[in-house]
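Going down the list, the sequences are from chains U, H and C. Okay, so the first sequence: first residue is 1 according to my numbering, each after it adds one. Okay, so the second sequence: first residue is 1 according to my numbering, each after it adds one. Okay, so the third sequence: first residue is 1 according to my numbering, each after it adds one.
Derived by calculation from the structure, the hints in this document are not laboratory data. Note that the Cβ used here is the ideal one computed from N, Cα and C, for glycine as well. Hints should not be assumed to be uniformly reliable.
[Unchecked claim] Computed list of lysine-lysine pairs in DSSO-like fashion (alpha-carbon distance at most 27 Å, straight line):
1) C:Lys-97 to U:Lys-95
2) C:Lys-97 to C:Lys-37
3) C:Lys-175 to C:Lys-77
4) C:Lys-77 to C:Lys-3
5) C:Lys-290 to C:Lys-311
6) U:Lys-95 to C:Lys-37
7) C:Lys-77 to C:Lys-393
8) C:Lys-37 to C:Lys-80
9) C:Lys-297 to C:Lys-3
10) U:Lys-95 to C:Lys-393
11) C:Lys-246 to C:Lys-215
12) C:Lys-77 to U:Lys-95
[To be verified] Away from chain U, derived, C-beta distances all over 10 Å, residues of chain C:
13) Met-1
14) Arg-15
15) Arg-26
16) Ala-194
17) Ile-260
18) Glu-284
19) Pro-314
20) Pro-388
21) Arg-514
22) Thr-529
23) Val-537
[Stated by the list, open to error] Anything over 12 Å on all C-beta distances counts as not near chain C; from chain H, calculated:
24) Ile-4
25) Gly-9
26) Asp-13
27) Trp-15
28) Leu-17
29) Arg-39
30) His-65
31) Glu-98
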Amino acid sequence: MARAFTPKVITANHLIEGDVIYLTAADTWSRDLAEAELITDEAHAQLRLLDAQSQPATVVGAYLADATSGANGPEPTHFREEFRRTGPSNYAHGKQEVLANV
Amino acid sequence: MTVIITDTGFGPDTWTLGYEGDTALDLPSDTDPVQLSERLAAQVQMIRIAFPSFADGRGFTIARHLRLSGYKGHLRATGHLIADQYAMARRSGFDDVEISDELAARQPENQWLARANWQQNDYQARMRGGSPAAA
Amino acid sequence: MYKYNDFDTAFLAERNAQFRAQVERRIDGSLTEDEFKPLRLMNGLYLQLHAYMLRVAIPYGSLNSAQMNTLALLAEKWDKGYGHFTTRQNIQYNWPKLSDVPDMLDALAEVGMHAIQTSGNTIRNVTADHFAGAAADEIEDPRPIAELIRQWSTDHPEFQFMGRKFKIAVGGAAKDRAVLKAHDLAVRVVQNDAGETGYQILIGGGLGRTPMIGKVINDFVPRADLLPYIEAVVSVWNQIGRRDNKYKARIKITVHEHGIDHIRARVDARFALIRPTFLGADQELFSEIKVHFSPPKFRTGSTTPYDTAYKTDPVFRAWADTNLADHRVSDHAIVTISIKKHGATPGDASAEQMRVMATLAADYGYDELRISHEQNVILPHVHKSDLPAIHAKLKQHGLGTANIGLISDIIACPGMDYCALATARSIPVAEQIATRFDDLKLEHDIGHLQIKISGCINACGHHHVGHIGILGLDRAGVENYQITLGGDATWSAAVGERAGPGFAYDEIVPAVERIVDAYLSVRDTAEETFLETYRRVGMSPFKAALYPEAIKKVA
Ligand code: HEM
Ligand code: SF4
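Bound-form chain U, shown alone:
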């Protein structure tokens, strides 16, 4: 039996900066998971992934990551994606640092 499709976001690393980015519904890349397009349809997900992969001058390694809908937008379901959207746990670096400086 095929497994039911679970919601996804498209994420990648930025080619120059190397940091984590997410594809938004407006076809832009955001550094904030909450702004990502939450994709609930499998066929649409594949199309969006092709869109993302056709931008090699901007992004590296685009893939579909599991996510769920939260109060302020998509949220991760796996701890790996939680680290990617936050930063490492030994220093307040990465996205958490940027957020702290806002």
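Got chain U; can you put chains H and C with the ligands on it based on the hints?
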């Protein structure tokens, strides 16, 4: 169509005898050069070694092995090689590199010519004394 | 210390120019990401979870103060003010931008450093005994031969696109401090019955998914045959090693599948072809290189300041007892600076700490520093009278921790905090274990005990050869930690045995504590180390301590 790359840049293929007869060998990258010696009859003038992917570097070892075993004919690397590998190919004993027109369009002549200086800055030549490793 | 000659300098300038052009060609589309990736990797550049990561080589772990200061400069100018020393005698920067990396490489080149072949399917940065040139038990300094191998392997045209990475380590002492038996190829300086110096060669060691202990392929390779012999080994493997499955591509699998005798026969045949291409230039080069590594003129003088401090200052004494090792000159010592402050990230040093260590090396240590595979920094030659001053300075900068070889001197890989391949975190586990045993004030009583932690099966943290090994896994989306016991990273190398089911993130520190309690209660004497005890009593007392419920169920 394909492009042949030498130290002077892009050029046409001047090998006209094809790879069917007994003057040429067309070898896949998983060839065991040790078992090749008996096929290396005197009339073989051209050996072409396939690079199915630029990540498959076995062809460099095959070329080197052929040279070390005394093969003096033409050696050609063909397939998916990138400009950055030109120096490696030459240093391993290849005479030239053959790539598709499509790849040649993406990696134009100047990117390959940038490596025509393969005889310089060569740790291997320096280690052994004398000419480059494969000579 | 090796000093670059004109050839090395010109080579590096050309190489860095090539990389700068490769970055531009990636950005303009001439190179696809698939094509660019191996090129950036062979220049030490990874893409990790949050950013790029640049891995800079510290060949055979040796550097001088100017080089250490440049490492500090890179940390400050292009990173976040720190660097991570690794088990392979490299330093990693976790936050560079792609567009800055060519400049970072140029800055390194100014002090004769690079990031070449610190990653990728090539011959990697050559590692060596971190006490090289200083240890009392040394037959010969392994660094000249390691430098010769570095030059030979650099940009080797045949070996840049192999089936997998190839790691070489060199040792020259009675004790193995370079984990020789866990390397694809290990070179051990030995003497034959005729009193000639040559090399014993081991191949097929490696950790990762299928840990294997290296096997001897040749007991004695004469000096002048070394490079052609290594070249024959790598050439044979490059040709017959598997390419269909990357987990079976390392030479350990080739040796396992073909058998060491078959490999030896092939290597001998290839060697016969290759040997005549070496006309002796390598041996001349070797003689030149050796001069660079001549020992410094060791100063003499009274050791009274040391003796006094040792008698009167218990903090100094504790540090001296754990962090000093015997030097081959009796009034000198080898200082290991702990980069394992309790509760801090193992192997991370700030730019300021790097500068402090550089200054200490310049002022007291004949301008020499070493990086150990245990992720610590070493001052290999220090006159004993200078030790109190050095210790005082180290303490001021968070570098005075007295824990070398103890339970808090943990090797930990970056794990899920940074690594794109990780299945769990390693750093916080290391931090918590160190903090816990520091609170218990037990670690000096426990004695020599090595904990090694990896965040996935790739085993970058050497967990298989830890006395206690911890492997972080992802079990259905939750971090889970497997424990192995009895691993050994020395000449008596052994792969640890799995203790049983894994532990959750918040259970792993208590589990380690139970193992240690069990050890303390079953050891014969305070002198019997954890590993000795384990070898005597086996797994069962530790299993009982780890899984008390299981015992209850049976009872
Ligand atoms: C953070 C990025 C890193 C990545 C992506 C990475 C990747 C890998 C991979 C894929 C392997 C397994 C290779 C194989 O089995 O064929 C491996 C092994 C290894 N790595 Fe790393 N590594 C990283 C960091 C480190 C660090 C920080 C160290 C040192 C602390 C290190 C040292 C080693 C060692 C010692 C091995 C095992 C030796 C062996 O494979 O035989 N790596 N690494
Ligand atoms: S062991 Fe795994 S998690 Fe740790 S650094 Fe290596 S690849 Fe990453």
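Evaluated hints:
The straight-line distance between the Cα atoms of Lys-97 (chain C) and Lys-95 (chain U) is roughly 15 Å, inside the 27 Å bound, and the hint therefore holds. Between Lys-97 (chain C) and Lys-37 (chain C) the alpha-carbon distance is near 15 Å, which keeps this suggested pair within the 27 Å criterion. Straight-line distance between C-alpha atoms of Lys-175 (chain C) and Lys-77 (chain C) comes to about 39 Å, which puts the hinted pair past the 27 Å bound. Note on Lys-77 (chain C) and Lys-3 (chain C): the hinted pairing holds, with a Cα-Cα distance of about 25 Å set against a maximum of 27 Å.
Under the criterion of a C-alpha separation no larger than 27 Å, the hint pairing Lys-290 (chain C) with Lys-311 (chain C) is inconsistent with the structure, at around 40 Å. The suggested pairing of Lys-95 (chain U) with Lys-37 (chain C) holds, with an alpha-carbon distance near 25 Å, which does not exceed 27 Å. Of the supplied pair hints, the one linking Lys-77 (chain C) and Lys-393 (chain C) holds, its CA atoms being roughly 25 Å apart against a limit of 27 Å. Among the hinted pairs, Lys-37 (chain C) with Lys-80 (chain C) is consistent with the structure: their alpha-carbon atoms are about 24 Å apart, no more than 27 Å.
Restraint check for Lys-297 (chain C) and Lys-3 (chain C): the C-alpha separation of about 18 Å stays at or below 27 Å, so the hint holds. A hinted pair counts as satisfied when its Cα atoms are at most 27 Å apart, and Lys-95 (chain U) with Lys-393 (chain C) does not qualify at roughly 35 Å. At roughly 22 Å between alpha-carbon atoms, Lys-246 (chain C) and Lys-215 (chain C) fall within 27 Å of each other, so this suggested pair holds. Of the supplied pair hints, the one linking Lys-77 (chain C) and Lys-95 (chain U) holds, its CA atoms being roughly 20 Å apart against a limit of 27 Å.
Chain U leaves Met-1 (chain C) outside its interface by the beta-carbon criterion, the shortest separation being 32 Å against a cut-off of 10 Å. Its beta-carbon lying about 22 Å from the closest one in chain U, Arg-15 (chain C) satisfies the requirement of being farther than 10 Å from that chain. A cut-off of 10 Å between C-beta atoms contradicts the statement that Arg-26 (chain C) is not in contact with chain U; the least separation is 8 Å. Every C-beta of chain U lies more than 10 Å from that of Ala-194 (chain C), the closest at about 54 Å, which supports listing it as non-interface.
No Cβ of chain U approaches the Cβ of Ile-260 (chain C) within 10 Å, the least distance being about 39 Å, so the stated non-interface status holds. Here Glu-284 (chain C) stays apart from chain U, with its beta-carbon at least about 44 Å from theirs, past the 10 Å limit. Every CB of chain U is more than 10 Å from the CB of Pro-314 (chain C) (nearest about 31 Å), matching its label as outside the interface. Chain U leaves Pro-388 (chain C) outside its interface by the beta-carbon criterion, the shortest separation being 32 Å against a cut-off of 10 Å.
Listed as outside the interface, Arg-514 (chain C) is consistent with that label: its C-beta sits roughly 25 Å from the nearest C-beta of chain U, beyond the 10 Å cut-off. The beta carbon of Thr-529 (chain C) sits about 30 Å from the closest Cβ of chain U, which is more than 10 Å, so the claim that it is off the interface holds. No Cβ of chain U approaches the Cβ of Val-537 (chain C) within 10 Å, the least distance being about 36 Å, so the stated non-interface status holds. Separation of Ile-4 (chain H) from chain C is adequate, the least Cβ-Cβ distance of about 20 Å exceeding the 12 Å criterion.
Remark: the non-interface label on Gly-9 (chain H) is consistent with the geometry, its nearest Cβ contact in chain C lying 16 Å away (cut-off 12 Å). The beta carbon of Asp-13 (chain H) is kept farther than 12 Å from every beta carbon of chain C, the shortest such distance being approximately 23 Å. Every CB of chain C is more than 12 Å from the CB of Trp-15 (chain H) (nearest about 23 Å), matching its label as outside the interface. No beta-carbon of chain C is positioned within 12 Å of the beta-carbon of Leu-17 (chain H); the least distance is around 28 Å.
Once the 12 Å rule is applied to beta carbons, Arg-39 (chain H) is consistent with being away from chain C; the minimum gap is 17 Å. With a least CB separation of 7 Å from chain C, His-65 (chain H) falls inside the 12 Å interface cut-off, contrary to its annotation. Every CB of chain C is more than 12 Å from the CB of Glu-98 (chain H) (nearest about 17 Å), matching its label as outside the interface.
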